[in-house]
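Chains as they are written, first to last, in my numbering: chain L, 1 to 354; chain U, 1 to 354; chain P, 1 to 354; chain W, 1 to 354.
A few of these clues could be false.
If several chains are the same, the list does not tell them apart, and a pair holds so long as it fits within one copy or across any two.
[Said to hold, decoys possible] Below, a list of computed lysine to any residue pairs in the SDA-like style, where the Cα atoms sit at most 20 Å apart:
hint: 1; residue 1: Lys-62; residue 2: Thr-19
hint: 2; residue 1: Lys-164; residue 2: Val-197
hint: 3; residue 1: Lys-146; residue 2: Tyr-354
hint: 4; residue 1: Lys-164; residue 2: Asn-251
hint: 5; residue 1: Lys-271; residue 2: Glu-175
hint: 6; residue 1: Lys-256; residue 2: Ser-196
hint: 7; residue 1: Lys-275; residue 2: Tyr-265
hint: 8; residue 1: Lys-145; residue 2: Asp-183
hint: 9; residue 1: Lys-62; residue 2: Glu-37
hint: 10; residue 1: Lys-176; residue 2: Lys-188
hint: 11; residue 1: Lys-62; residue 2: Trp-84
Derived from the structure by calculation, the hints contain no laboratory data. Everything numeric in this text was worked out from a predicted model, so none of it was measured.
There are 4 protein chains.
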Amino acid sequence: MNTFGNIFKLTSFGESHGTAIGGVIDGCPAGIVLDMEFVQGELDKRRPGQSELTTSRNESDKVEFLSGIYEGKTIGTPIGFIVWNNNQHSSDYDSLKNVFRPSHADYTYFQKYRHYDHRGGGRSSARETIARVVAGAIAKLILQKKGIKITAYVSQVGDICLSKSYIQVDFSNIEKTAVRCPDLEIAKQMIALIQSVRLRGDTVGGVITCICHGVPVGLGNPVFGKLSAALSNAMMSINATKGFDYGMGFNGIHRKGSEANDLYYRNKDGKIVTKSNYSGGIQGGISSGEDIYFRVAFKPVATLLQGQLTVDKDGNEIQLEVKGRHDPCVLPRAVPIVESMAAMTILDYYLYNY
Amino acid sequence: MNTFGNIFKLTSFGESHGTAIGGVIDGCPAGIVLDMEFVQGELDKRRPGQSELTTSRNESDKVEFLSGIYEGKTIGTPIGFIVWNNNQHSSDYDSLKNVFRPSHADYTYFQKYRHYDHRGGGRSSARETIARVVAGAIAKLILQKKGIKITAYVSQVGDICLSKSYIQVDFSNIEKTAVRCPDLEIAKQMIALIQSVRLRGDTVGGVITCICHGVPVGLGNPVFGKLSAALSNAMMSINATKGFDYGMGFNGIHRKGSEANDLYYRNKDGKIVTKSNYSGGIQGGISSGEDIYFRVAFKPVATLLQGQLTVDKDGNEIQLEVKGRHDPCVLPRAVPIVESMAAMTILDYYLYNY
Amino acid sequence: MNTFGNIFKLTSFGESHGTAIGGVIDGCPAGIVLDMEFVQGELDKRRPGQSELTTSRNESDKVEFLSGIYEGKTIGTPIGFIVWNNNQHSSDYDSLKNVFRPSHADYTYFQKYRHYDHRGGGRSSARETIARVVAGAIAKLILQKKGIKITAYVSQVGDICLSKSYIQVDFSNIEKTAVRCPDLEIAKQMIALIQSVRLRGDTVGGVITCICHGVPVGLGNPVFGKLSAALSNAMMSINATKGFDYGMGFNGIHRKGSEANDLYYRNKDGKIVTKSNYSGGIQGGISSGEDIYFRVAFKPVATLLQGQLTVDKDGNEIQLEVKGRHDPCVLPRAVPIVESMAAMTILDYYLYNY
Amino acid sequence: MNTFGNIFKLTSFGESHGTAIGGVIDGCPAGIVLDMEFVQGELDKRRPGQSELTTSRNESDKVEFLSGIYEGKTIGTPIGFIVWNNNQHSSDYDSLKNVFRPSHADYTYFQKYRHYDHRGGGRSSARETIARVVAGAIAKLILQKKGIKITAYVSQVGDICLSKSYIQVDFSNIEKTAVRCPDLEIAKQMIALIQSVRLRGDTVGGVITCICHGVPVGLGNPVFGKLSAALSNAMMSINATKGFDYGMGFNGIHRKGSEANDLYYRNKDGKIVTKSNYSGGIQGGISSGEDIYFRVAFKPVATLLQGQLTVDKDGNEIQLEVKGRHDPCVLPRAVPIVESMAAMTILDYYLYNY
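With the sequences and hints as input, model every part of the structure.
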């Protein structure tokens, strides 16, 4: 399905080689000043070809708002927006018309849809994320007014891992390198790895860490409305994701309960807080007021510039050589998408309560 | 919220110390023979006190169906069912009336609900899973008829890890030990660890692995209806979960793309299959026909039989001693819950297509 | 489907000849005092056999709450409730096992469900309304605290019509007669008509009028979330309904626009109000603060104590004689159901805003 | 809210004086040939200024598809479409910036939205129906392939009423006059009435009748998923509607049950059919296979070219004179909208079953 959210809802449309990508945001509160520069800036962050690490596609996507805004503010009606598709090299994909690319969605799509658009991955392509980032930017603007800040960064590429806690990391460094890792030493190593992988025509995966700061207590519902489940659903809807964990996550299994509890105490201001935050800001599915932090694992992207053996629709084996422009590592580009999905999810739950 | 699913929908109700736990299943196809023994058997699997590993609560929950069934078959109308609450020791919890148990949902619930039921964790308690297991059992019955089999087992407890691929594991061993690990050697080590942790009044977490075999190709939708996102949402809705990954998951980050692609070929029967299954049976959010396998991480349970420092509603520090009956490790009991959530999710997507 | 509402949600279950009828209410705010007498009283109002007009079924339905309530107040968790089925004469229906009753749902159900429960109409029976009335009673309690009052009454039976505006009617008279018409003269005529129809073994239909007083301005959304559409959907979900209109409705067609506009003016208290209320309290799909009033048309009930020619499942013509206990006119019994559906709808929209 | 449907879903956006009107259709099956001429033709039918009866606004709306279509067929992905707004006279509305037009949505909108777009009624304007008609056209194309035909016509204007049953009416006459009434004699009278009303600067309402032919048995669900409830919800979502009834509707109250039952018999082909169709093709909320027929009542449009007394935002009384271009009767233009809503509803339920 193509709609995300319950109250703040994004319905997206558009194939990467169709006429336009776009979306409709329903449930956006009225009276929000729309900072167009900020929205366009977020969209620019996701573009490939913005650094030496990524491909040269150099898409300059300008978002156009068609409704829902009057005199610079939202009016509470659905916000329709589009980004025209240009600069898409359809011919790069012509050799792929009848071929199933390994680990791509082609085979599953063919089985499902029969008549489908083979060009550029149709709706499984990363260009579909444009709509997410536009809606996410608007969500961020609204959350910022409530003192809620969403920050994501690359914390692992292949075997290169930033193992420090987010508390010890300087967020202002994130945008200083193309790889969006806030530890400049580790960032260098990551860049070197990506370059070498690229030269070999291979790809590499990694992990993005995200922190949601200032989320008030009480968002989420026990049982089936857990905020942790909603965040995992949001992250796992991003292309190329393979895993999600929050708080101590998969690594926390090595701790005993006595080593992993967040003990309550009353602080200097008389407020009830916890000494630690192993839970990652969510207890029993409901936000606790502490920082929410989680990780998203991304697989190595499946388009290789190496040759690969595969089959076409009739089952004949063929050697696949893909020309064109592809990424050795999607992690840096995925950072704004993770932030967008987090912003939309948090806002959706926020509006449910307030 | 308290409803799970889009077509095969479970709405659950009931607090652990209220009158009854129950649910309503809507969207169950008509004409399914309801194997009552099987359903009751699944419910028995989740019971504590069934082995030396778990607590002595010894709840014998008998499910009672109130509607939706006629002459032993489903009739397509909503299936209402209840399990009466007995054998709940309310007095065990009386010392907790005004106290926030560390890493429990108490504090977040108090902030959210004001007037809430402190006894036994209300709806955040594991007893709420009764409804999930009943609905999951019915879902399994329906899937079995379509040749779809769901199997889960404990693959990690603390540092003890069953690292073999599921392909090399013998499922018939799962129920042979209390810890539900199919490798009997590893199972022994797990049991020893749990016993020692229990004696110290501490708790330990772990990982459950789940395989969905025989899922046809085409379930799921790209963008926001990905089957991977739905499964993660379902698993993360279970109490005490901290993470989800599928296919090569978090561990796959160490592979390059060239080492992680599932290459297509035509097999002896002329069918198009893959040589490997790093994707875990889901490509681009849609099932590929291969086995779907995923992991769910559980944190160490938060109720300790050790004393702990905490605060009460007025912020006064108090020493918490919890009497009663608690689990050092919830993993074995969570296995039928993971299977239930998987069955309901797969069935929901199955009914969407067929 | 078996769920009604978006925020205040009722999921109902139960066949009239099954074990129990019941429901789960999700989204009920916490802290509401549950006036059990009031709820049981509303349920008693819908019972047949409470007057000389209706049949002698004499069902005494006692509602039992299973969850969601602690120390007499709602706790914000789902409220599960049941009413056990007794006093249902299954044998009255044995002659109907393979026969399609004219204008009943039998034929359509058979075509749809294959294996279905023929006894007493299964889920198409009026007993399914028990769940609606319980949830409606709770909704009324919540609305009353906000100064919102829902009142319905019978305004037409066959050709006997109460044509006065609701403004000129005395609501305290509604419960004074079995027919629930607030004009005692007209009520007498209605009763006489129903008696004569009953003696002939025939049935008659009518109209119920409903007023929602004190609904604040702003409930509803333009386009697809119109409060008028929601109310019509709610009313048309009641068995035997054939039509809905509000404000001047179908009769207003005879007016010109100049005769039908509600002109604004500022009243003595300085508040902006309208001189008239042809719109029926809803403008552009949003409540205006004025009384919402609407009508629901009910067809004559389809079970006749006269013989009727029909066919069985094999298409053979047979003469249908129905024994048992049936109503010549369902209008009086439908009054609490109309109020319940109105209360649930208004509350659902109220909670969306506040 | 701005989304209609459960499976075949339309999300619409756009204010009449904004940049564009548009929508996204999700859930459209793949492989449907999109007859662009037919879609544009349906859109042309709703335009004002196409006859001497309506206003001279002369909007020529051309729909543009942005996604979801490849080589002329739908591909199963969301279909995004827009219609650019031009030819909207903003200045006609400048006198209205702070004034509440009687029986318009202005007052309720102001109360609800604070900051809203006063020009042309924003989203409460009839231009929003563009999206409905585009989606409805596509729905009709799909239904036609299944042998399902939707036909609507004007059956009443003011006191002029076409009282014949739809069975005796010649549908080929509908488009022969501007008023879209299939009885040419009655049509003349209706046109005369509308002209005279227009000269007086007044407005008049009426009724549209709609027939859905060829709907298979089994669409709809008892309880809350009744097809009759869904149709009423769809119709009542149209601007200016005041009532809905189907089958014998409000007029059927005058019949006794014995005079209103549809008796079953086996016809020459051995098929089980009914002798009559008082039920209007829906029994117990489920389609019976017979023609579904219903009526929708429209109030006289609220914009008058006569002066009217009203208040502005500060409560000061002012005399309202509206310049511009307005309709004395919206009924003819509403015919394609009624058909669109019926088509979308029937298709939604059809896809649920098949």
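Verification of the hints:
Taking CA atoms no more than 20 Å apart as the test, Lys-62 paired with Thr-19 passes in both settings, with 14 Å inside one copy and 16 Å between copies. In this assembly of identical chains, Lys-164 and Val-197 lie within 20 Å of each other by CA distance neither inside one copy nor across copies; the values are 25 Å within and 29 Å between. For the identical chains of this complex, Lys-146 and Tyr-354 are neighbours both inside a copy (11 Å) and across copies (19 Å), given an alpha-carbon limit of 20 Å. For a Cα distance limit of 20 Å, the shortest separation of Lys-164 from Asn-251 qualifies both inside one copy, at 13 Å, and across copies, at 19 Å.
Neither within a single protomer nor between protomers do Lys-271 and Glu-175 lie at most 20 Å apart by alpha-carbon distance, with minima of 34 Å and 48 Å respectively. Proximity of Lys-256 and Ser-196 under a CA criterion of 20 Å is satisfied inter-copy only: 12 Å between copies versus 40 Å inside one chain copy. Proximity of Lys-275 to Tyr-265 under the C-alpha cut-off of 20 Å is restricted to the intra-copy arrangement: shortest distance 7 Å within a copy versus 55 Å between copies. In this assembly of identical chains, Lys-145 and Asp-183 lie within 20 Å of each other by CA distance neither inside one copy nor across copies; the values are 29 Å within and 54 Å between.
Taking identical chains as interchangeable, the C-alpha atoms of Lys-62 and Glu-37 lie at most 20 Å apart only when both belong to the same chain, with a minimum of 11 Å there against 31 Å between chains. In this assembly of identical chains, Lys-176 and Lys-188 lie within 20 Å of each other by CA distance solely inside one copy; the values are 11 Å within and 51 Å between copies. Taking the shortest alpha-carbon separations for Lys-62 and Trp-84, both the intra-copy value of 8 Å and the inter-copy value of 18 Å come in at or below 20 Å.
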